[in-house]
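**Q** Here is how the chains run, residue by residue.
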Amino acid sequence: MGSGKVKASKVVTIAAVVAILACALWIMANKMGLVAGYDFGAGAYYYTDIPGYEDIFRDDVYKTSVPYWVHVVLFLAWGWLMYRLWIWIDKRK
Amino acid sequence: MEKTKTVPAFWGKEDWQAIWIGFIIILLACIAVLTKAFDLSAVKFSTWAVGEAAATKAVPLAQQLGAWAFWRKLIVTVIVLGTLFTLGVKLQGQSVKKYIPAFLGLFVIALVVRFVSAEFTLNRYLEWAFWALLIGLLISNTVGVPDWLKPAIKTEFYIKTGLVIMGFSVLFSNIAKFGLYGLGIAWIVTPVVILFMWWLGTKVLKIDNKPLVITLASATSVCGTSAAIATGAASGAKKDDLSIAISISIIFTILMMVFEPMIIKAAGMTQLMGGALIGGTVDSTGAVVLAGNALGPEAEQAAVLVKSIQNILIGFIAFFVAVFFATRVDKSSDKKVGAGEIWNRFPKFILGFFAASLIASFILQPLCGSGSVKEINTVLDQYKNWAFVLAFTSIGLDTNFKEIAKQMQGGKVLWLYVIGQVFNIALTLFAVWFLLSGVVFDIPVLDLYK
Chain A
1 MGSGKVKASK
11 VVTIAAVVAI
21 LACALWIMAN
31 KMGLVAGYDF
41 GAGAYYYTDI
51 PGYEDIFRDD
61 VYKTSVPYWV
71 HVVLFLAWGW
81 LMYRLWIWID
91 KRK
Chain B
1 MEKTKTVPAF
11 WGKEDWQAIW
21 IGFIIILLAC
31 IAVLTKAFDL
41 SAVKFSTWAV
51 GEAAATKAVP
61 LAQQLGAWAF
71 WRKLIVTVIV
81 LGTLFTLGVK
91 LQGQSVKKYI
101 PAFLGLFVIA
111 LVVRFVSAEF
121 TLNRYLEWAF
131 WALLIGLLIS
141 NTVGVPDWLK
151 PAIKTEFYIK
161 TGLVIMGFSV
171 LFSNIAKFGL
181 YGLGIAWIVT
191 PVVILFMWWL
201 GTKVLKIDNK
211 PLVITLASAT
221 SVCGTSAAIA
231 TGAASGAKKD
241 DLSIAISISI
251 IFTILMMVFE
261 PMIIKAAGMT
271 QLMGGALIGG
281 TVDSTGAVVL
291 AGNALGPEAE
301 QAAVLVKSIQ
311 NILIGFIAFF
321 VAVFFATRVD
331 KSSDKKVGAG
341 EIWNRFPKFI
351 LGFFAASLIA
361 SFILQPLCGS
371 GSVKEINTVL
381 DQYKNWAFVL
391 AFTSIGLDTN
401 FKEIAKQMQG
411 GKVLWLYVIG
421 QVFNIALTLF
431 AVWFLLSGVV
441 FDIPVLDLYK
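From first to last, the protein sequence lines stand for chains A and B.
For the first sequence, position 81 matches number 81 in this note's numbering, and the numbering has no gaps at all.
For the second sequence, position 161 matches number 161 in this note's numbering, and the numbering has no gaps at all.
One thing to keep in mind: the hints can contain errors.
Taking beta-carbon pairs under 7 Å as the criterion, some of the chain B residues facing chain A (in silico) [as the list claims (entries may be wrong)]:
1) Y125
2) I175
3) G179
4) P191
5) L195
6) T225
7) L255
8) V258
9) Q301
10) N311
11) D381
12) L446
Distance condition first, Cα-Cα at most 20 Å in a straight line; then the derived SDA-like pairs of lysine to any residue [unchecked claim]:
13) B:K36 with B:F23
14) A:K91 with B:K36
15) B:K57 with A:V35
16) A:K93 with B:T327
17) A:K10 with B:Q271
18) A:K63 with B:G369
19) A:K7 with B:K412
20) B:K402 with A:T13
21) B:K44 with A:P51
22) A:K31 with B:T327
23) A:K63 with B:L446
24) A:K10 with B:W148
25) A:K63 with B:Q271
26) B:K203 with B:V418
27) A:K93 with B:L200
28) A:K10 with B:I419
29) A:K7 with B:G410
30) A:K93 with B:K336
31) B:K44 with A:E54
32) B:K336 with A:Y83
33) A:K10 with B:T327
34) B:K57 with A:P51
35) B:K412 with A:D60
36) A:K91 with B:V192
37) B:K374 with A:D60
38) B:K44 with A:D39
39) B:K412 with A:T13
40) A:K10 with B:Q94
For the record, the hints were derived by calculation from the structure and aren't laboratory data.
Keep in mind it's a predicted model, so treat the numbers as computed, not measured.
The beta carbon of each residue, even a glycine, is placed where N, CA and C say it ideally should be.
Isolated chain A (complex conformation) (with noise of 0.2 Å):
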């Protein structure tokens, strides 16, 4: 790449960060996408970090008639194609 795109995606970059900046501190200041009732936001990262998350995450919402056995043999299945498809990739040039 020449200097000049080389600059100039610099000049792309930095103003995208201080854009995604000034957005979420806009939104922070605002305390946009909260709900009042609920005592965690974006921090809580990980479900068990969620103050009563039994009551969030429950196992009684959705009831399927597929065996769980079904699932296990195509979840294994899929993981499986994908790592030989990513060795597959990561040989190539």
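With chain A held as given, fit chain B onto it using these hints.
**A** Okay, now just chain B, sitting in the frame of chain A:
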């Protein structure tokens, strides 16, 4: 002078120590919850606020600090973590005399981090990982890290231990929580996004730092910080890599939590589809719940169901990343790597993470019921958080701003995340339309009112 290591690897190596320390804490939590013989709860600050306490669920600081329970839990936390980590350090052949004051110093900084990150606004938008990094960076880049504190800076030790503890909360039974719909949305899309970002990062953008690429790819496609921590440790990512991946994920999560529901509403998507899209694309679990809630109760549950499946992917993806890096990335020649060499390179703590997940899913949950497992996980969650806060504070203390700027590779890392996230949204949207629009399959019914 440090002593020569003479203890067997199982006791003396950090990887193995993370497993047995993690399992001791898990065992203690199980005994405490199941027998009710003692309270192992670790200390945490409740949300506090300046000025607007009445309008929130905030608990005034004076009330928190005035309660004996707070100080009792603080003592329990220091004793449990301090004893186990000190024992580990001794078995690693390092000086206990130097470690104990250093650990206490680091714990005090970690306590400040958790105090700051419990403030109402900061707590809702930015994770403690962010504040740990920031406070650590501020110390190291201003007054500097005193020599006496340095023996406690053991980032990987704390991260690996935290991950083994976290393994207990990765419940494999969640795989069928949303039937084949959930599996299709979460599990079909996630690895495809990871592979796309790997290709984009290593082949197109030519980023040499492969651990950074896979850490960022996992954070984007799985579930933000927790996935970044797990795959970062599995791939041997450097401290700066983890800082960058997590910082990018945290900032974009704030934007996505607010704007994604707005766009979904404007597009006229159903609650079920919108919620599933949010569950599959927004990184942090807390943000998923809130963004889903913004669309309605059905959207919130759909988002939670999809995210539940993504949460269990962490262990599998970390395992395959560890195998991939041991067999393909960390080798010096084109020769095929033997099983013995793979075993040597393999990060053993992943086995502990996996074992904890399997024990919780297939032994404890069937035997004691999901209620008990949830109660145990409530106790373990705080120990996991403390281990991670110690780790991220260590990263901040051990990093300077120039190193982080250098690792951004002229902005390539940012664009890798942005393009990867756009691809993630597009592919998840297609999966959601294919499975939940009613065009191809029947629309599933969620029972929201049991």
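**Q** Against this structure, judge whether each hint is valid.
**A** Against the structure, the hints:
no., hint, in the structure
1, Y125, "5 Å, holds"
2, I175, "5 Å, holds"
3, G179, "3 Å, holds"
4, P191, "4 Å, holds"
5, L195, "6 Å, holds"
6, T225, "4 Å, holds"
7, L255, "6 Å, holds"
8, V258, "4 Å, holds"
9, Q301, "5 Å, holds"
10, N311, "6 Å, holds"
11, D381, "4 Å, holds"
12, L446, "5 Å, holds"
13, B:K36 with B:F23, "19 Å, holds"
14, A:K91 with B:K36, "54 Å, violated"
15, B:K57 with A:V35, "12 Å, holds"
16, A:K93 with B:T327, "18 Å, holds"
17, A:K10 with B:Q271, "40 Å, violated"
18, A:K63 with B:G369, "18 Å, holds"
19, A:K7 with B:K412, "13 Å, holds"
20, B:K402 with A:T13, "17 Å, holds"
21, B:K44 with A:P51, "12 Å, holds"
22, A:K31 with B:T327, "47 Å, violated"
23, A:K63 with B:L446, "8 Å, holds"
24, A:K10 with B:W148, "40 Å, violated"
25, A:K63 with B:Q271, "19 Å, holds"
26, B:K203 with B:V418, "17 Å, holds"
27, A:K93 with B:L200, "13 Å, holds"
28, A:K10 with B:I419, "17 Å, holds"
29, A:K7 with B:G410, "10 Å, holds"
30, A:K93 with B:K336, "18 Å, holds"
31, B:K44 with A:E54, "19 Å, holds"
32, B:K336 with A:Y83, "17 Å, holds"
33, A:K10 with B:T327, "36 Å, violated"
34, B:K57 with A:P51, "12 Å, holds"
35, B:K412 with A:D60, "44 Å, violated"
36, A:K91 with B:V192, "17 Å, holds"
37, B:K374 with A:D60, "15 Å, holds"
38, B:K44 with A:D39, "14 Å, holds"
39, B:K412 with A:T13, "9 Å, holds"
40, A:K10 with B:Q94, "45 Å, violated"
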